[in-house]
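S.K.: Each chain, letter by letter, is given below.
There are 2 protein chains.
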Amino acid sequence: MAYTFHNSKELFRRAARVIPQGIYGHLTPVFTVPGSYPYFGAKAQGCRFIDVDGNEYIDYLCAYGPMILGYAHKKIDQAYYAQVKNGTCTSVAPALCVELAERLVATIDCADWALFAKNGADTTSIALVLARGYTARNKIVLAHDGYHGSQPWAGTNTVGITPADRSDFILMPWGDIDSFKGLVEKYQDEIAGVMLTPYHHPVFADQRLPEKNYFSEIRSLCDRYGIVLIIDDIRAGWRLDLKGSAHYFGFKPDLACFSKAMANGYPISAIVGSEKMRITASKTYAAGTFWFNSGEMAAALACIDEMERIDAPSILKERGEMLVQGLQDLASSHGLHVTVSGPPAMPFMRFSNETNFMRSQLFCGECARNGVFFHPHHNWFLSTAHTKRDIRQTLDVADRAFKAVKKHFGE
Amino acid sequence: MAYTFHNSKELFRRAARVIPQGIYGHLTPVFTVPGSYPYFGAKAQGCRFIDVDGNEYIDYLCAYGPMILGYAHKKIDQAYYAQVKNGTCTSVAPALCVELAERLVATIDCADWALFAKNGADTTSIALVLARGYTARNKIVLAHDGYHGSQPWAGTNTVGITPADRSDFILMPWGDIDSFKGLVEKYQDEIAGVMLTPYHHPVFADQRLPEKNYFSEIRSLCDRYGIVLIIDDIRAGWRLDLKGSAHYFGFKPDLACFSKAMANGYPISAIVGSEKMRITASKTYAAGTFWFNSGEMAAALACIDEMERIDAPSILKERGEMLVQGLQDLASSHGLHVTVSGPPAMPFMRFSNETNFMRSQLFCGECARNGVFFHPHHNWFLSTAHTKRDIRQTLDVADRAFKAVKKHFGE
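Residue numbers (the working numbering), protein chains in the order written: chain H, 1 to 411; chain W, 1001 to 1411.
Don't read these hints as lab results, they were simulated from the structure. Misleading hints may appear alongside valid ones.
[Stated by the list, open to error] Simulated pairs of lysine-lysine, DSS-like, Cα-Cα distance not exceeding 25 angstroms:
#: 1; chain 1: H; residue 1: K75; chain 2: H; residue 2: K243
#: 2; chain 1: W; residue 1: K1043; chain 2: H; residue 2: K85
#: 3; chain 1: W; residue 1: K1283; chain 2: H; residue 2: K9
#: 4; chain 1: W; residue 1: K1074; chain 2: H; residue 2: K85
#: 5; chain 1: W; residue 1: K1085; chain 2: H; residue 2: K85
#: 6; chain 1: W; residue 1: K1043; chain 2: H; residue 2: K75
[Unchecked claim] Chain H stretches covered by chain W per the calculated footprint, using a threshold of three residues with CB under 8 angstroms from any CB of chain W:
#: 7; stretch: 36-43
#: 8; stretch: 96-104
#: 9; stretch: 248-254
#: 10; stretch: 262-270
#: 11; stretch: 282-296
For clarity, every value in this text was computed on a predicted model and none was experimentally measured. Virtual Cβ for every residue (Gly too), placed ideally from N, Cα, C.
Given only the sequences and the hints, what does the whole structure look like? Please build it.
M.R.: Shown next as structure tokens:
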């Protein structure tokens, strides 16, 4: 019996009266498969959540990244509670901020210091300021289809943007060293920084890992032309390598941005930097009311402890490989062709012989209505709470969904 | 026995190695009185906190606004915990977001809809986008010395800012209707919006309440020239009037930004708007990983419930008046002249016959080293946890601090 969404729809009607779009941002239902996905959740535990109609899902979005150890994780929640009992948002800094900064510096390969904020986007925006302050230049190079937040400069919103918002940005294709070479030669002393994700995770497209020398060449061009290299590790951070995804791919950025999985869902972000950026960071005024909240810092420390203790990246890799291999085998068994891209901890699957994502919509919709929460055009996330048994159950559902795709579209 | 800060200093030395400035943003020690204030807190409860040296303070900063009901408030914390046990940051929106949006629309006078974010600054930045999207114009009018966050456009940071960051902004003096009239006549069809705080709360200066017709004239000029009126109620919101500070001062903005006291310290912010802004808000892509976290939403609902139940603004006014009157009487009794400005719930006191804040530094330093946490050049905040007894104790400490000021500076 496939799921129905009566309560979700009722609630969405109420939502539409008091919230523009009903649900906005990345959670908006128009981004998944209208009619096949729940709009509202009621309860989440481990790798599963239950929606407001009582339907249960094995969740491969993990809140779009933050949930890395499982929802409602006791150790992390208890660390949070224990801290909050003594106050979380206070008039002076908590002792815990020193402990967490020391921990990030000890853990993340490129970090000599750390600043805390709330959103990932707070840190990408601060990174621009630091690169510009350090170089006394204005231009920032970004990759087409890179995601760094919804703030005006980041290019994901089209309404209410002024020409000035984006006048200091230059776009290039991710992964193409010649493009970057061309830009630095053309603009040399105008480029303050280049901000890239450690691997390319666009929506509606295959993910791409960096070619062998991509980042070492980026690094040496940055050094040669005095450009600050910024890695936006907000989405991938903590899933590939606890020392940072840059470490995983073998290079050192000057600045790196972290958030999402850092505290298993508690709102915190951090920008870390190398020694050479410290004085500029010290001269910058960056502030937010909740940026020193100690509860989120306690959660981050507990989360990093736990990720280290269990070696989270190796578990995510193993489970991801099991999922990805299983999906590929199933697709073949039905005579279907799928392309799986990206690291197994954060895979993306599409049907190889289509560009309109119709098969993906049908496949993901079938999966959702049978208890497996994938996304048709955004990368997925594994958590350490996804057991082998969960993945086997997932593959059973996927098998029937592939069958539906074959029935509807043929091979 | 005045306080000493051995552990604070030790910890600060550690902090300085891993955090630029040691402590940054509004919590940086250089903003208070170096040597007289603690750097790090250990525990906060009610209206008090204890620093890492065991010194206790009656706190009139209230975390710079968020703490309105007392630190570690059981009802709010329990509402948060109860929600978090079922997951907080999840892959679909929580049912609670509808309840909270409905509540804001029912509570805040100018609200026909609400969007949630994390930082206050998220909402002021979204407000600019909405004003520009609605009007298809670029320029935004701000007041000199108004605070809307530390993002590049907001003017509080000077390092790493590009000309483009501020090219679409026009500054005017807060409270001067002729200046605004002059600007709208000069720029008329170029001005998208004007963003103002509901009363003026600069640092290093007296606070100013709006004159009788200021906002009604702003409102009618905005209507006449098609300009979006945005109120940044992040600092004052919830302390003057639960329907919003604009309601308190008798006018309706098109957009209003709230955060700080909305959830008693849990990180959440909201932008609310009038009907006419709804379609623009629906067309805008605004997203943050943690913006739909249900824990913070549960805390906000519990906080609004409690503020309504006890009529928080009336308590804050009464306690604020007692503090302010007491300070003025004490100053007079020592032959000193102080100027107290702003609403009693958020007062600011300075010594009338100085502009360099030396007396304020000595006064606040003396108070801090004797257990009362004021700020020499930033407005203070009352909470409902400040009892009459706390205020009497505060005035005892202030009496001795005034005496020290008189001894050092004369009358």
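S.K.: Going through the earlier hints one by one, which of them does the structure break, listed in rising order?
M.R.: 9
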